[in-house]
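Respectively, the protein sequence lines represent chains X and E.
Residue numbers for the first sequence, in numbering that gives the first Met the number 0: 0 to 663.
Residue numbers for the second sequence, in numbering that gives the first Met the number 0: 0 to 633.
A couple of the hints might just be wrong.
Stated by the list, open to error - The calculated DSS-like cross-link candidates involving lysine-lysine, where the alpha carbons are at most 27 angstroms apart (straight line), are:
{"hint": "1", "chain 1": "X", "residue 1": "LYS41", "chain 2": "E", "residue 2": "LYS472"}
{"hint": "2", "chain 1": "X", "residue 1": "LYS419", "chain 2": "E", "residue 2": "LYS509"}
{"hint": "3", "chain 1": "X", "residue 1": "LYS41", "chain 2": "E", "residue 2": "LYS509"}
{"hint": "4", "chain 1": "E", "residue 1": "LYS509", "chain 2": "X", "residue 2": "LYS415"}
{"hint": "5", "chain 1": "E", "residue 1": "LYS509", "chain 2": "X", "residue 2": "LYS34"}
Hints were generated in silico from the structure; no laboratory data involved.
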Amino acid sequence: MSMYIWFTLMASLSAVWLIWFLYRPLQGNDLNLQKSNIALGKQRQAELQQDLERDLIDESSFDQAQDEITQTLAIELNQTTSDPYTINNNQKNHGTSVFVLIFLLVFSFLAYDALTPEKNEKTNSLEQQVASLTLDESLIKLKDHLDKNPDDAKSWQMLGLSYFELDNLNESLKAYERSYQLDKGNVRTLVEYATTLARLKSGSFVGRPTELVERALSINPNSIDAIYLTGLIAANQQDFVTAEKQWKQALMLLSLTDPNRQAMQDMLEQVQSMNAPQPRSTKNSLMVDVIIPEALMRERSENDYLMVYAKAAVGMPMPIAIEKIHLKDFIGRVILSDDNSVMPSRLLSQAKKIIVVARISQTGNAMKQSGDVDFASDPFELEGTSRISLDMTPAPEAGDPLPTKESIQSLEQRVKEHPKDVESWALLGYSYISIGKNKAGIDAYSQARELEPSNVGLLIESASILAQLQDDQFRGEPIKLVNQALKLDPNNVEALWRLGLYQYQQNTVNLAIATWERTLPLMTSQSSAKIALMKTLVMVKERHSKVVQKDEDLKLVVRVDIDQDILKNRPQGDDFIMVYVRAASGMPIPIAIEKLRLKDFKGQVVLSDNNSVMPSRLLSQADKIIAIARISKTGKAIKQADDIETRSQPFSLKNTAKINLNIK
Amino acid sequence: MLVEVGHFSLILALAFALLQVSLPTMGIIKNNSALTQLAKPLLWGQFFWIVVSFAILMNAFVVDDFSVKYVANNSNTELPDIFKISAVWGAHEGSLLLWAMILAGWSVAVSIFSKRLPNEVINHILIVLGVISIGFLLFLLMTSNPFERLDIVPLQGRELNPLLQDFGLIIHPPMLYMGYVGLAVPFAFVLSSLVRGQLDSTWLRWSRPWTLIAWAFLTFGITLGSWWAYYELGWGGWWFWDPVENASFMPWLVATALVHSLSVSEKRGAFKHWTVLLAISGFSLSLLGTFLVRSGILTSVHSFAADPARGLFILVFLIIVVGSSLALYAWRANLMRSSNTFAPLSRESALLINNILFVAAMLSVFLGTLYPLLLDSLGLGKISVGAPYFDAVFIPIMIPAVLVMVIGPFLRWKKDSTQRVGRLLKNVWIGVALLFLSSLYLTDNIFVLLAVFLFIWIVLHSLVLLIQRFRQKGRPSTAFIGMILAHIGIAVFLLGATVTTQYGIEKDIKMELNETVDIEGYQFTFKGVESFSHQNYQGHKGVVDVAYGGEYITTLEPEKRQYVTGMPMTEASIDPSLYRDLYVALGESLEGDAWSLRLYYKPLIRLIWLGGLFIVFGALLAAFDRRYRLRVKS
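So that you can see chain X by itself, here it is in the shape it has in the complex:
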């Protein structure tokens, strides 16, 4: 709203400016055309006289020219019929003033309305929430909003996440606690809250974090995050069997094309291999000489980190073995062996073909940061190699950056001579596309990818270029490439960002939000990219939250009559009764659920939006639904052999506020 107030002010001030001059007109000069032409005629006469004196005109021509000047002046004076220009201060201008005011207001607003795309309008309201680029100011905006809307659980959750990103865990916890208190059924809040608590406890989920995760799982037994965390908790407690089981379940729930699938697969394999740890070997240690040029050393601080690690030549780019030291402690070489292995199930001695990377980093973060310098070796067989050398002097660039035509010719020549030069193929592709030769550009990029199919950067670049050719749409080939990149590097921020964008473009907003939220923790705190992503999330959630506002008034009473014979056969204290609704058609995932011990069951439950499993899929939004009541020993989401269940016929919430179920 304040924006329109500004607009009104601007238009009004403009009107005032004009009206002022209507009633206080500018005093013009008292020249008129006649006077001007006469003065100019005289000047021309004078100049003509000068020309005569300078022998720039002869006498006969002088006379003729003089006549011409006189004639011209006479014609001009004849043409000038208007009276001397005067300002008439007595003219009534009230009508004009009103017209000006109305015109400026009406025209400017109408034009703004007609010319502004819809997204700009929606963005305007969001600007009030996150109006600046700095995270601190965004936090202030959130806090301001929460001061006025203290019961906005979602915003508290966002605040918690923001603080989490700023590493302000205490404030993050407070925010999550508020969110939790307002909405205890929000699985996302529970999961993030638990994660924050664990982070404060150096990664330990013991105690409250575990309770929160269990609650999340009970509300939504199919919550992948909750299942993952459950597995993680189990793994931390050395219960690899449970971890394996949970992650298998998570894997089952993940769709085949989900980019996190591979990561989950790997974790599962690791856990499975945990049960049979490999004996460590002192063979296959690798001495790595790292040559750091003087110029580079001068630019860096002695407290910067030097990280030297080995990774598989093909597949996941996760380090197998790593040595991380300060530059000041570096003596020119490091030794990598099984003792440096990152995971006990994945030892350096087991690797076959590897790449060794040396990186100088100020932060020492696992993710490469802006300002980090690294150098990678070519892939080589570890067997038979005991020593390698890495020279961190940057390699010269291929190609001579000439203006486009020549550079293309040069690149074409280069790829002919060096058909395996990936960089040149990529550059050629880029150059082709920049001059509109799209097909040739696409082919060049394909060629580059064929040479280096596991080059994540190349995959992402190709995807971006292809998307640009389709008006920035990632459907089709671009998203395939992004998914390939994510398979190789599931935590690649650039790829995740584009995946989210694709999901958004496909109108699967919730997936997009989930992907981007997953991306946030991977990004550097307070980086502008992260801030931009947070802003995007705010905007997207705001835009789509309108369709997922809870309806507090909508309640469904589900009365469940349980046959006495059934109750006799079940120890009432331990068994669960789960009452839930799901869509009558489509995915059989619960929309809203209430799960109690039989001993606590009072004959009916009341379901509402507060029981919704996902915040973006509320009970009040559901159309035709089925109500189900199940008695279960295990309380698991998947029906077990000895569970007893009953279900209603499909019905609509618009017509039904109460329903009866009978378990017999």
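Since the structure of chain X is already known, use the hints to place chain E on it.
This is chain E only, laid out in the frame that chain X set:
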């Protein structure tokens, strides 16, 4: 919200422009002076809101607001601040906003510095300028909104094209636009006169200084562009007859003719048809240039066809402007009849020849630029028209123009005789011949000889004219000095362009570490390459020591840069001087420590831009002549 305020400011500017045209027009029709005098306040309001809009867009760049599509497409966080600012006009939308702002700025200047123009004339001119403003503001708002938001804010902006990340490109577009847009002022003078039906001395006199200033800016902008192309593109070239370059050169040729035609119209009342048509053509060519560059048609006719909105808008606007102004010209043609006669040998004739030759030169460039586009659009294939055509057609047209250029000021108005001219200039010609003959020992290159001849021709005539004037009564006017300076600028330019083209040496070679190459007595020794990083790029820097006759002169450090978005760039290293440039560009790494390098020896190349600067200063001197400070008594 600030971005939306910027957008709304632009809309308010359009509202002001609409009122600037309508209210004063109503005032003129109804003889309501209160409405008529609103032209200036309306204009000032329009200018104010456009400046606000521009400032907000600039702010969006400076604070990296990537929620604005234009910012996201043309900037990123790694860009140095100075280039974030210049990125505002680095692409289509921003450059159009700059166009609109400069147009409003010119209009404000006319409204403030035309104290010697009657108000009725100024108001008419401001109305015409308002119509042009409406056209461009509508174009901006309807097809090229610089304030469009992005649905999803990107993680990082793209990049300002590294070619534009340079000081030259910070000031080249604004200067060029000052020239382009400045031609709207004489256009407005002409159109207002045609509308009023009063093609009198007043508009002739007062349009000339504005034309001179616009022409000066255009010259400066073109000179800057040439200089930038030379040092930035890494090829040692300074003019490529590129369609974008031609798009600025054509209005310059017409503006040159206009400046000369105005002098005749002003003093003798002749050439009014020429003057009117040249004023219309000059601005029309500016609009055409905008169309060519902004519609995408120069990249590909098909890319234009695929997204024709912008190109069509400008094309329609161009048709309306040109069509209506020519229609007005036809309607008022009878007012331009003149009974002023002049003999075949006279100053008027010389200036007429000047007009004809400059227009012919413009048409030759016009044909060479548009012909390939025409063929392509008709599906008749693609052809390339480049330097060979332009050199073959343009240069022969300009040679007589240059010859006549310095004879003209010696000729009498209305009538002269060959005997008098011969008597007057006999000694000059003898001097030219002698000097030229002596230069025959310096070279046998026919083109250089021609250039030397023309140089001597122009300089000697100009010096004689200057001395002659000093001997006469009264001090020479600044307009006269300006004319001499501009003509000498042409001579300087001609000499530099020809000598560097004919005698420049380029060597594209492989050099090993510590290897030395000799060019014209200069020894270039390759000392190796080192890597470096900067704010938004990293790269390699070559080191080349230069000596002459065994004595160390300088070290050149050409660079190859890789920008954060992956775009590679060459930065040549130049040792400049007035008599020669030594120029080195880094190629690529070869086996071992060897690199390929391009070495240039460029004699007298700086004269090209020095000549341009002479023309600029000459034009400015002429624009501020005391005859334009004429006091009209009430």
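Index of numbered hints that the structure contradicts, given in increasing order: 3 and 5
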